[in-house]
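Given chain A's structure and the hints, the job is docking chain B onto it.
2 protein chains.
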Amino acid sequence: MLKFHGYFRSSSSYRCRIAFNLKGIEYEFRPVHLKSGVQKGDAFRQLNPQMLVPALETDEGATLIQSLAIIEWLDETYPDPPVMSRDPLTRAQERGFAQVIACEIHPLQNLRVLNYLTGDLGASEDQKNAWLARWLGDGLAACEELLQQQAGDTRFCFGDTPGLADICLVPQVFSSERFDVDISGLSRVREIYENCTALPEFERAHPGNQPDFEA
Amino acid sequence: MLKFHGYFRSSSSYRCRIAFNLKGIEYEFRPVHLKSGVQKGDAFRQLNPQMLVPALETDEGATLIQSLAIIEWLDETYPDPPVMSRDPLTRAQERGFAQVIACEIHPLQNLRVLNYLTGDLGASEDQKNAWLARWLGDGLAACEELLQQQAGDTRFCFGDTPGLADICLVPQVFSSERFDVDISGLSRVREIYENCTALPEFERAHPGNQPDFEA
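Going line by line, the protein sequences match chains A and B. First residue of the first sequence? That's 0 in numbering that gives the first Met the number 0, and the numbers climb one at a time after it. First residue of the second sequence? That's 0 in numbering that gives the first Met the number 0, and the numbers climb one at a time after it.
Hints are not guaranteed to be accurate.
Since the list gives no way to pick out one identical chain from another, each pair is judged satisfied if it fits inside one copy or across any two copies.
[What the hints assert, rightly or not] Here are the simulated DSSO-like cross-link-like pairs (lysine-lysine), alpha carbons at most 27 Å apart as the crow flies: (1) K34 - K127; (2) K39 - K2; (3) K127 - K2; (4) K22 - K2; (5) K39 - K127; (6) K22 - K127; (7) K2 - K34; (8) K22 - K39; (9) K34 - K22.
Honestly, the hints are just simulated from the structure, not real lab data. Keep in mind it's a predicted model, so treat the numbers as computed, not measured.
If we strip away everything but chain A, and leave its shape as in the complex, we get:
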């Protein structure tokens, strides 16, 4: 069985959980308690030299890292139901949208970066919050514009079934709420978020519903 190393609050772990659930893939969960620093120990480091979650061990003993790479591998290896379009252009737009979140928003909010800001750079709580408001706010505003550019009023980002873009959007909206970033004006983002979170596959992937959850 697939072994999934993750952490309840990690956005990128959350993405993978949604993908597992949408595809109905069972996995063995191996919690990595990021706050304790266990990811820096030799055991985990051999698995992922980056010392970050998620990491996925396949049945053949290979290790995959990086959530988007894991999700695309799942989509290729367990193709039904798909989480990406079979049309190259739409698939490129799904990937582009996912990467706006994964390459431009999320990296600026992750734990090690926030720790560096308040630790090494001595940023105040207000400065940290302004940093988060800037990158999460601007980033999700760009997501809203990208979604508004799409033709129809589909239930999800790219059509009427949830896919890679939704898988990335939901954890990012969750983070914006957690960090008190105001995105009330982003109507399409909010609508799709609500359509997604009404589904049990998204609900079961929520950080609050994980075995390693801590209040």
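Below, chain B alone, put in the same frame as chain A:
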């Protein structure tokens, strides 16, 4: 003909240029002078609400954003020669490696983030350099470990032909040199960098060889 909007110094534009060259794809170059802020004007913003380069306009008038999405679309649309493995596991490892750079290293060094650090947060030049040394240094050290985990001593990251991982590695090493980050101890990274930059497809993509280059 494909219209490619980029900037000579942008790492993600550099990635796309290498991919175009490896595949022998001609394109019309539309320079976006990031330092002047032209990317924030209405014309570019309609093309990419994220106000970042690169953006690619297809012959059919669609716009693609995000370098990795663009490169995967090129690989699907112009498959010969490929820049990704046809084996799902190797492809996942190539994507994972590329995303270590695109999702964890590069976002912390881009122009708007460095401007925020020295502007809004009032970081000194030394603090900015320490930030860069931390994220570029740690990130490329993780790349070195990932490459050392690979079995053979191939010429490139994943085999004897250059691909997606090399396309991301070369601009990142170029940035580390530009920012004076010491990576002299990363022997495998340096070896692959040299093997890549000896090829004319990489050389022609170098920022110094672009029509919009400024010293």
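So, going through the hints one by one against the coordinates:
no.	hint	in the structure
1	K34 - K127	both (19 Å within a copy, 26 Å between copies)
2	K39 - K2	within (19 Å within a copy, 44 Å between copies)
3	K127 - K2	neither (35 Å within a copy, 39 Å between copies)
4	K22 - K2	within (16 Å within a copy, 37 Å between copies)
5	K39 - K127	both (25 Å within a copy, 25 Å between copies)
6	K22 - K127	neither (37 Å within a copy, 43 Å between copies)
7	K2 - K34	within (21 Å within a copy, 46 Å between copies)
8	K22 - K39	neither (31 Å within a copy, 40 Å between copies)
9	K34 - K22	neither (30 Å within a copy, 44 Å between copies)
The structure fails hints 3, 6, 8, 9 (numbered hints given earlier, in ascending order).
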